[in-house]
Every structure is written in structure tokens, then in C-alpha cells.
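Take the sequences, apply the hints, and build the full model.
So the chains spell out like this:
6 protein chains.
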Amino acid sequence: MNIIVFSPHPDDAEVLMGGTIAKYAQKGHDVLIVVVTIPIQKEKRIEESKKAAAILGARLSILDLNPHELVFNRRTVETFDSVIRDFPPDIIYTSWIHDSHQDHITVSRATIAAARRNRCSLYMYEQALPSGLTPYGFRAQAFVDISDTIELKIKSVSAHQSQIQSFSEQWVQGIIARATYMGFQISTKYAEAFEVVKEIKDI
Amino acid sequence: MNIIVFSPHPDDAEVLMGGTIAKYAQKGHDVLIVVVTIPIQKEKRIEESKKAAAILGARLSILDLNPHELVFNRRTVETFDSVIRDFPPDIIYTSWIHDSHQDHITVSRATIAAARRNRCSLYMYEQALPSGLTPYGFRAQAFVDISDTIELKIKSVSAHQSQIQSFSEQWVQGIIARATYMGFQISTKYAEAFEVVKEIKDI
Amino acid sequence: MNIIVFSPHPDDAEVLMGGTIAKYAQKGHDVLIVVVTIPIQKEKRIEESKKAAAILGARLSILDLNPHELVFNRRTVETFDSVIRDFPPDIIYTSWIHDSHQDHITVSRATIAAARRNRCSLYMYEQALPSGLTPYGFRAQAFVDISDTIELKIKSVSAHQSQIQSFSEQWVQGIIARATYMGFQISTKYAEAFEVVKEIKDI
Amino acid sequence: MNIIVFSPHPDDAEVLMGGTIAKYAQKGHDVLIVVVTIPIQKEKRIEESKKAAAILGARLSILDLNPHELVFNRRTVETFDSVIRDFPPDIIYTSWIHDSHQDHITVSRATIAAARRNRCSLYMYEQALPSGLTPYGFRAQAFVDISDTIELKIKSVSAHQSQIQSFSEQWVQGIIARATYMGFQISTKYAEAFEVVKEIKDI
Amino acid sequence: MNIIVFSPHPDDAEVLMGGTIAKYAQKGHDVLIVVVTIPIQKEKRIEESKKAAAILGARLSILDLNPHELVFNRRTVETFDSVIRDFPPDIIYTSWIHDSHQDHITVSRATIAAARRNRCSLYMYEQALPSGLTPYGFRAQAFVDISDTIELKIKSVSAHQSQIQSFSEQWVQGIIARATYMGFQISTKYAEAFEVVKEIKDI
Amino acid sequence: MNIIVFSPHPDDAEVLMGGTIAKYAQKGHDVLIVVVTIPIQKEKRIEESKKAAAILGARLSILDLNPHELVFNRRTVETFDSVIRDFPPDIIYTSWIHDSHQDHITVSRATIAAARRNRCSLYMYEQALPSGLTPYGFRAQAFVDISDTIELKIKSVSAHQSQIQSFSEQWVQGIIARATYMGFQISTKYAEAFEVVKEIKDI
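If you read the protein sequences in the order shown, they are chains B, C, D, H, Z and L. With this note's numbering applied, the first sequence corresponds to residues 4 to 206, in that order. With this note's numbering applied, the second sequence corresponds to residues 4 to 206, in that order. With this note's numbering applied, the third sequence corresponds to residues 4 to 206, in that order. With this note's numbering applied, the fourth sequence corresponds to residues 4 to 206, in that order. With this note's numbering applied, the fifth sequence corresponds to residues 4 to 206, in that order. With this note's numbering applied, the sixth sequence corresponds to residues 4 to 206, in that order.
Derived from the structure by calculation, the hints contain no laboratory data. Any given hint could be a false lead.
Pairs involving identical chains hold if they fit within one copy or between any two copies, as the list cannot separate such chains.
Unchecked claim - Think about it this way: if two alpha-carbon atoms lie no more than 30 Å apart in a straight line, the pair counts; the simulated DSSO-like pairs of lysine-lysine are:
| no. | residue 1 | residue 2 |
| --- | --- | --- |
| 1 | Lys47 | Lys204 |
| 2 | Lys30 | Lys158 |
| 3 | Lys158 | Lys192 |
| 4 | Lys53 | Lys158 |
| 5 | Lys204 | Lys30 |
This is the structure in C-alpha cells:
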């Protein structure tokens with residue numbers, strides 16, 4: 004299968020669904036991480052993203068949209084359209100429509116609009132932390148057991164050295180705590196959780 | 004009564020509430036369809052819209068806003084303000100605020116903002132298909148029995164030949180299926196359904 | 004896989020997900036339809052249910068709870084617990100928590116409570132019609148293409164002769180219209196739609 | 004038209020929609036207030052209800068269900084069924100499904116279930132105060148201008164002397180404040196507001 | 004404590020939480036009202052805002068953003084970031100994310116994004132009236148008893164003479180009615196109500 | 004202050020807000036844990052609850068309602084009424100209204116009904132795990148930093164030996180992970196999170 008993961012900034016894909024990406028890759032699926040914008044430290048963060056994607060076994064594409072022009076309009080949707088045209092996905096993952104960050108909201112809405120043919124499944128991962136508190140509660144619906152890939156996930160997150168420096172070591176601890184907490188919900192060690200926009204079930 | 008129907012693109016009004024428009028017109032009400040933007044095939048689609056409006060007995064106004072500049076901002080609201088000032092409505096219909104398409108969301112939000120005096124009723128019609136799947140469920144609240152005007156509706160939809168060509172004949176079948184499904188909910192043959200933003204009830 | 008379908012009354016399973024049940028059965032999965040209560044015409048309706056289940060290739064279990072004592076309490080949950088213990092499911096389907104009918108709400112809540120180990124997926128099908136209008140909109144999230152099993156579905160629905168008599172032929176037309184409408188949303192001929200409570204994704 | 008107003012306890016109908024009831028009555032419609040249960044001071048409160056209904060021009064029916072047995076089950080729905088069978092309504096009003104009070108929730112759910120034929124409109128009025136705070140916000144959708152009947156409303160509310168004694172004069176002030184506040188929203192002096200469950204629109 | 008109140012236009016802060024502001028000020032807290040944009044009558048309205056802020060005992064800052072460029076994008080968030088950096092708040096108040104007015108929505112979203120460190124509490128006040136009706140119901144969660152400061156509130160509102168002229172005297176009556184209505188909900192004379200985005204509880 | 008914590012079963016209070024209880028107690032507030040029902044192992048679990056309450060510095064009351072009769076009706080609300088009458092609270096904590104477990108829902112609804120005077124604040128804690136997955140997302144709004152009381156919390160949880168035996172050691176790890184995850188959201192080590200029903204803010 005072809006799987007697209009839209010990542011508003013470098014590291015969102017790894018932090019919020021790195022274990023799931025690694026699992027897809029291990030099963031032979033073709034995962035493309037699409038980083039939408041890089042507001043600062045562009046070169047350094049591209050380097051980190053490359054390392055992280057390699058760890059997970061995913062391909063990487065950098066849209067590099069201007070962060071000051073990134074709003075939910077026809078231009079952005081057209082850009083996402085072309086990503087989907089070039090790499091026709093069976094499944095798409097994107098950010099949460101109720102995230103607090105303007106770029107996460109825009110990426111979520113543009114993905115939903117671009118996926119309008121409804122011939123693929125579409126899921127949203129959670130908000131990044133700290134920063135994601137909004138007037139909405141995330142509805143964890145679809146769980147992936149990542150007990151076998153938690154180490155790859157942490158390794159891929161750790162490739163983002165610039166973020167560990169700015170958020171401190173507590174950042175990684177919070178990521179592990181979330182995976183433990185989500186795992187607990189389905190009686191396994193580690194899990195990642197998603198909200199379903201639409202799903203084409205294959206029976 | 005004066006009734007305004009905001010239609011993000013040509014055909015939205017006909018597809019989603021053509022039967023209701025015809026019914027208003029037959030009762031002697033004055034219905035104005037306002038097409039907001041026409042991204043492609045402008046001349047052809049204006050022709051089709053004219054034919055469709057004539058079939059339903061409605062007036063037609065083409066705002067023809069630039070689709071690449073159509074976002075929810077003061078300029079768009081001011082444009083909608085002037086529509087309302089020129090044709091003071093008793094009732095307004097607009098697109099669904101939770102639609103997937105950027106233009107439908109913008110039109111919905113701009114209508115809600117422009118209707119701020121709250122002296123008229125305001126309803127939202129459903130999402131267009133295929134393309135409308137979002138993280139929300141449409142709340143069908145207000146039903147109009149269109150058993151008497153389903154033929155006019157289908158005729159007006161069929162006036163949009165360009166769409167039938169691009170979506171195939173299944174498009175019209177889906178539209179009839181929706182009307183049948185909505186009709187079934189109120190124990191009649193065909194119906195159209197709306198979500199209520201606000202309603203000034205006349206007792 | 005073992006799949007349990009809780010059906011508040013005879014025919015709910017067939018009307019709302021008969022195509023999906025047939026599809027599971029054709030793929031060799033073991034589907035158990037659990038009819039919870041039969042308020043009237045008990046013998047006749049059991050006969051009809053048996054025929055319908057046979058058509059779909061599913062097993063049938065009749066809990067036959069007293070309809071006047073069916074409320075969401077510990078006793079009901081314990082009954083559902085024992086169903087799950089006897090036939091450990093990989094997937095459960097149940098009625099919609101926001102349905103209008105007291106039995107549908109009770110069955111939905113009891114299923115959610117009984118599935119508390121969270122080791123299986125849980126979906127809710129839509130409300131029955133006419134009768135399902137409530138202050139909520141159904142969030143169609145997971146779609147199953149039933150183009151190949153629509154005939155079996157209609158046959159199984161038609162096995163419920165008592166219902167066709169009480170609702171008239173329009174009942175079957177409404178069911179086909181819903182399948183067509185849902186199919187249109189994912190660009191196929193016929194589909195059934197579900198809201199996700201929780202899903203253990205197998206990658 | 005026939006209009007049924009389900010009132011969980013005496014005074015709910017008058018407090019929350021007395022102005023609307025008076026308006027219907029003045030236009031020649033037949034309004035039936037159905038008081039569901041009377042937990043205390045039964046005789047006194049029936050007297051007050053009779054006076055209040057007479058002031059508004061409505062008929063009164065007292066179901067007098069046992070308050071300790073009033074839950075959302077088949078028995079309660081059957082009782083509501085018989086009310087609807089005896090007085091076939093064009094419109095039904097009931098309490099809010101998200102109210103805090105057990106009886107208000109039960110009455111709301113039982114009304115929604117009993118109105119399952121979907122051939123009449125169904126609205127919910129707001130929560131009573133003080134006591135209505137819950138984890139939900141009321142969605143005021145349908146507004147009735149009651150500037151002409153506010154005096155009748157206050158008179159009908161004042162007929163409930165027992166409540167004025169238990170809540171103090173502030174109770175009536177709060178009721179007027181709510182009508183003023185709702186009126187302000189549609190640019191009139193006084194209004195009452197409702198949430199729409201379903202509406203059969205007559206065009 | 005430092006408290007920031009984002010006010011999309013002059014008067015929003017006073018109309019929707021003037022009593023609360025006065026109460027904070029009387030307790031010695033430092034309240035900063037930040038007016039974001041002034042679409043018309045700029046000089047006059049700044050004068051009125053200064054008077055109103057002085058009456059409440061609050062400081063005033065005028066961002067004076069161009070109303071035609073005010074959308075939810077990185078530039079706006081950066082502007083809000085700098086407000087927060089210059090006056091590090093313990094609590095922030097902002098407009099409602101589901102308001103009808105484009106500026107209120109933008110201010111709400113930009114505040115939520117700018118408060119991303121999550122180290123301060125964040126509340127939303129209600130919509131202004133008339134004009135606030137949207138497809139959402141405000142969830143009044145946090146109540147402040149303003150019986151002691153209602154007079155200051157009305158005085159501060161009255162400082163906005165230009166608004167009284169455009170909305171008529173009924174405007175002030177509506178504001179008092181809302182405070183009475185909200186007060187009634189917590190059994191006091193006057194109150195203001197807020198929806199909680201996030202709250203760092205100090206025990 | 005007087006604080007009531009309704010705990011459907013033994014251990015819910017400790018698992019979901021033990022750190023907050025300890026913090027209140029350390030500040031000299033009077034916390035009463037009210038255990039509503041004990042379905043099995045009654046004596047053992049009362050013993051454990053006593054130990055746990057003592058560790059947190061809270062008082063304990065055991066309602067011991069019959070678990071097979073615990074539904075949301077007038078009788079249950081009257082029982083909660085009497086708890087509130089005997090120990091007039093400034094703040095109440097209760098279970099989540101959207102929990103999956105029938106007893107948690109009933110306790111939540113009965114608390115909301117019993118707190119109808121609206122003169123105290125009312126919060127809901129999260130669902131227990133594993134078992135809490137429902138068609139709703141918890142809206143974490145109010146956070147309490149429990150970094151100083153996490154050890155007391157874990158000690159109080161560990162007093163429930165019967166639960167550790169039935170859920171295994173992973174149960175405690177999940178509880179710590181949740182506290183870490185919630186702490187991360189407000190940039191501290193450990194936190195507990197609540198959804199606000201209503202809050203009387205003291206300024």
C-alpha cells in the first residue's frame with residue numbers, strides 16, 4: 004500500500020505516529036512523510052528529518068511552503084492535490100483538525116479537502132505537546148499496538164536533536180508516557196491513537 | 004418572501020436544495036441564487052446555471068469572486084453584506100459549516116457573519132458528494148417534502164451537463180438516492196434536509 | 004475472525020448491515036447475530052430472523068429479554084458479558100448510541116460497557132428508519148462496499164415479511180436508497196456506513 | 004394545528020415557553036400541556052397548573068406518573084404513545100435532552116422515542132433555572148417573539164405561587180431576564196428559544 | 004496576577020466581562036485590555052475605550068491591526084506572542100471560538116495558538132449580541148458573581164457612546180438582562196460566564 | 004473548604020484524582036470520598052479503601068448501594084442529595100458523564116442532578132482504564148500539578164491490592180503514564196486533569 008503522512012513541521016510525524024510508520028514499513032508498505040513547512044533552522048531540521056525518516060524506513064518529501072503564507076485556501080489545497088496525484092495513497096494520515104497550532108489546523112483542513120475523492124482512508128493523529136490544548140477533546144478511536152516499534156520511534160524522535168535541546172529531555176519522556184498511556188487503553192505496552200475521518204474498510 | 008441561496012459554485016444550489024427552491028418559487032416567493040465563484044469553464048457553467056435557475060423559477064446572481072482569493076475575511080463578508088442589503092432576505096440558505104471543501108466552508112462562515120442582524124432565518128444544506136466526508140456528521144433537522152418538485156430538481160441538475168460528464172450518470176442517481184433516503188425519514192417519497200443555524204418562527 | 008452483531012430487534016442487523024454481514028460470511032468469518040428482544044409476534048419474527056440469518060450466512064442467537072425490563076443496568080451488561088465470553092469476538096457491531104429508540108440506546112450502551120476489555124474493535128451502525136431522528140447527526144466514518152452483496156441484503160430484509168406489511172414496500176426502497184447514497188459517498192454503487200467506537204488496527 | 008407541550012413538572016411549560024403557548028392559542032391553535040409527574044404538594048400544584056393553563060388558553064392533562072418509577076423505558080414511551088394517539092400533534096415541544104434533572108431527561112427521551120413516526124415537528128425548550136447546569140451548552144436555534152404575550156407568560160408563571168414561595172421573587176426576575184436576553188438576540192423585546200430535533204417545513 | 008483580556012474591537016471586553024475585570028482590579032490584580040482592531044471611527048472609539056478602561060481600573064493597549072488583513076495566520080499569532088512576552092499573563096481571556104464574527108474567531112484562535120506554552124489559564128467569554136448566533140451553543144462553565152461591580156460594568160459600557168447610538172438604549176438593557184440571567188444560574192443577582200479552554204488550578 | 008469526591012467503586016477516586024485529593028488535604032481542606040457501590044469482595048475492598056483514604060488524608064463514606072439497583076432515578080438522586088445536605092460542599096468531583104461503565108455514568112448524572120442549586124463548583128475526572136473507551140473524547144480542561152503528591156497517589160493506589168492482582172503491575176504503570184502525560188501538557192512532571200461542569204470562580 005501507499006501511505007502518505009502529512010507532517011506540518013519536521014518531527015510531527017515521528018512524535019505522533021513514528022511507531023505506526025515503522026510498522027507499515029516493516030510490513031513492506033511504502034510510506035511517504037510530507038513535511039509541509041519549516042519555520043526556522045531550515046537546513047538543520049531537514050537533516051534531522053532525513054535521519055528520522057531513514058530510521059523509520061519511510062520516504063521523505065519537503066514541501067517547504069512559506070510559513071507566513073500557509074493558510075487554508077485553494078493554493079494550499081492544490082499543492083496537496085499534486086502530492087496525492089504523484090503518489091496515489093491507499094491511506095492518508097494528517098494532523099488533528101482541532102489542534103491549537105495554525106499550521107496543524109491548515110494542514111488538517113487541506114488534507115481533508117484534497118482527499119475529496121473518498122477512495123482512500125483518512126486518519127488524524129493527536130496534537131503535539133506541550134501546545135495542543137484547545138476547546139476540544141481528542142477522540143482516540145483507532146489504536147495501533149507499537150510495542151515492537153517503540154524503540155525505532157524513540158530513535159527517530161531523538162534524531163531531532165534541535166527539539167530535544169529546546170524542549171529538554173522531558174519531551175522524550177512525555178512522548179513515551181503518551182505511548183504507554185495509549186497502550187494501557189488497549190491492554191498492551193505501547194500504542195498510538197488516531198481519530199477517523201473516513202475509512203474504506205476492506206473485508 | 005425574499006429568499007437568498009448562497010451557492011459556492013454553480014450546481015450546489017440545485018443539487019442540494021433544487022426541490023425546495025422550486026417549491027418556494029411555485030408558492031410565489033422570490034428566490035435569488037447567488038453563485039459565489041466559478042473556478043473553471045466559466046462561460047459554460049454560467050450558461051448551465053442560467054438554464055437551471057430558469058427551470059426552478061429562481062433569479063440568478065453571479066458574484067464571480069476570484070477562487071484563489073476566496074477566504075473567510077472582512078472583504079468576503081462585506082461582499083455578502085452588500086448582497087443582503089440589495090435583496091433583504093426573510094430566509095437565507097447556505098452551505099454547511101463542516102463541509103470539506105474550502106469554498107463551502109468560507110461561504111458558510113461568511114453567510115453566518117453577514118446574517119448578524121439575526122432578523123432572518125438561516126439554514127445550511129448538506130455537503131456535496133462525492134467529496135464531503137469530514138470529521139463531523141450532518142444533523143438533518145429541517146425537512147422539506149419535495150415529492151412534487153423532484154422532477155424539476157432533476158431537470159435543473161441535468162442542466163449542468165459539464166458535471167454529468169465529469170461525474171458520470173451515477174451522479175444523478177446519487178442525488179435521487181439522497182432525496183429518497185431523506186424522504187424516507189419523514190415517510191414521504193422525496194425530501195431535502197437542512198441544519199438550522201437560526202430560525203425566526205412566525206406563529 | 005469471530006464477529007458479533009447485536010441487533011436490538013429482529014431485522015435491525017439485516018436492514019443496517021446485512022451487506023457487510025454477507026461479506027464477512029463469504030470471506031469465511033464467523034458472524035453471530037444476537038437479537039436482544041422481540042416485543043411482539045415473537046414466533047413469527049423468530050422464523051423470519053432464522054431465514055434472514057441463513058440467507059446472509061450468519062449464526063443467530065435470540066436473547067429474548069423482556070422488553071419492559073430492558074434498561075441499561077448491571078443485569079443487562081452481565082447478559083452481554085456472557086455473550087462475549089461464550090463467543091470471544093474480534094469485532095463487535097452494535098446500534099447507535101444516539102438512536103431515538105430506547106432499546107437501541109440500551110443495546111448500544113450495554114455493548115460499550117461489555118466491551119470494556121478493549122481488545123476488540125467496536126462499531127455502531129446507523130439508526131433504523133423511519134423513527135431515528137434525534138438531536139444528533141450520525142457520523143459516517145467507516146464504509147463497506149456492499150455492491151457484491153446488496154442482493155443478499157435485500158433478500159434477507161425481505162425475509163422479514165411482517166415488517167414489509169407494516170411499513171409497505173416503500174420500506175425496502177428506503178433501504179436501497181440509503182445503500183445507494185452511502186455508496187455514492189465512496190464512489191461505488193452500494194455501501195453501508197458505521198461510526199467507530201474503537202478500533203484495534205492490525206498493520 | 005394540534006400542539007402538545009410535555010412538561011415534566013407543573014410550571015416547566017409556563018416558565019420555558021408560556022409566551023409561545025399563548026401565541027399559539029391566540030392564533031386559534033389547540034395547545035395541550037401534558038404534566039408528567041408531581042413529586043410533592045400534588046393538589047396545590049394541580050390547582051396552580053389549571054390556573055396557569057387557563058391564563059395561556061391551553062388545555063391541561065395530568066399524567067401523574069409515579070416520580071420514583073419515572074425512567075426512560077418502554078412503559079414510559081407507551082404512555083407517551085397514547086398521549087400522541089389521542090391528540091395527534093402537528094408540533095410537539097418537550098424538555099431538553101441535556102437538562103440536569105432526571106425527569107427532564109426522561110421526558111425528553113421518551114418524547115423523542117414516541118415521536119418516531121417523524122410526521123410532526125419536535126422542539127426542545129431550555130433547562131429550568133436554577134438547576135440546569137450540565138456539561139452541555141443549549142443551542143438556541145428557533146426563536147419566537149413573545150413581546151405581545153410576555154404579560155400572559157408572567158401571569159401564568161405567577162399562578163405557581165408555591166414556586167414563588169420556594170424560589171423567592173428573584174425567580175420571576177430571572178424568567179423575565181431570560182426572555183429579555185433571548186429577545187435581544189433577535190432584536191426584539193422578549194423571546195423564547197428552542198433547539199430543533201426535527202422540523203417538517205411547510206412551504 | 005497579570006491578566007490579559009483580548010478584545011477584538013473596542014467594547015467587547017466591557018460588554019462581555021466588564022464586571023469581572025473590575026473585580027480583578029479591585030483585588031489588586033493587573034489587568035491589560037488589548038483591543039485588536041478598530042474598523043471605523045478610530046479616534047472616537049479609542050477615546051471611549053480609554054474612558055471605559057479607566058472606569059474598570061484596567062490598562063489599555065491598542066494593537067490597531069488592519070481589519071482587512073486580520074486572519075488567523077502566523078503573522079497574527081506572532082503579534083499575540085509579543086503581547087504575551089511583554090506582559091506574561093497568569094490568566095488570559097479571549098473571545099469565543101464559535102462566535103459568528105470573523106474577527107472574534109480570529110482573535111480566539113490566535114490567542115489559543117499564542118498560549119501554547121500552557122502555563123497560564125485561558126477562558127473564552129461569550130458572543131456579542133445581536134450578531135452572535137452560530138451553529139453552536141455556548142457552554143457556560145465558569146461563573147463570576149459581579150453583583151458588586153455591575154454598576155462599574157454598566158458605566159464602562161456606557162462610555163461607548165457611539166455604540167449606544169448605533170444600537171439604541173435596548174443594547175444596555177440586553178447587557179443587564181444577560182448578567183441577570185447568568186446571575187440567576189448561580190443564585191446571585193448578576194454574573195458573567197465563561198467557557199474554559201484550559202485552567203491551571205492552584206490548590 | 005469542604006470537598007466531596009464521588010467514587011463509583013473503591014479505587015476510582017485514588018486512581019483518577021488521588022494526587023489532587025492529597026493536595027487539598029495538605030492545604031487543610033476537608034475531603035470526603037464517597038464510595039457508591041461495591042459489586043464484589045465487599046469486606047476486602049472496604050479495608051483497602053480505608054487504607055487508601057488514610058494515606059491521602061481524606062475521610063471516607065461508603066454508600067454501599069445495591070449494584071443491581073443502581074440506575075439514574077429519583078431514589079439515587081435523593082441519596083446523593085442527603086450526602087450533600089450532611090456535608091455541604093464548596094467543590095464536588097465526580098465521574099465522567101461519557102464513561103463506558105454503567106455505574107460511572109449513573110454516578111455522574113446523579114451528581115449533576117444533586118448539585119442543582121449551582122452554588123458549588125463541579126468537576127468530572129477521567130474514565131478508568133482499561134475500560135473507558137466510548138464514542139466521546141475526554142476534554143481535559145482543568146489541570147492540577149501533582150508532582151508533590153504523586154508518591155502519595157501511587158501509595159494510595161497500591162493500597163488496592165485486589166486490583167493490582169486482577170490487573171497486574173501494568174495497571175500502576177498506566178496510572179503513572181497518565182499522570183506523566185497530563186503533566187507534560189502543562190510543562191510539569193505529573194498532573195491530573197478534569198472536565199468542568201460548572202465553576203463558581205472566586206476572585
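Honestly, which of those hints from before does the structure not fit? 1
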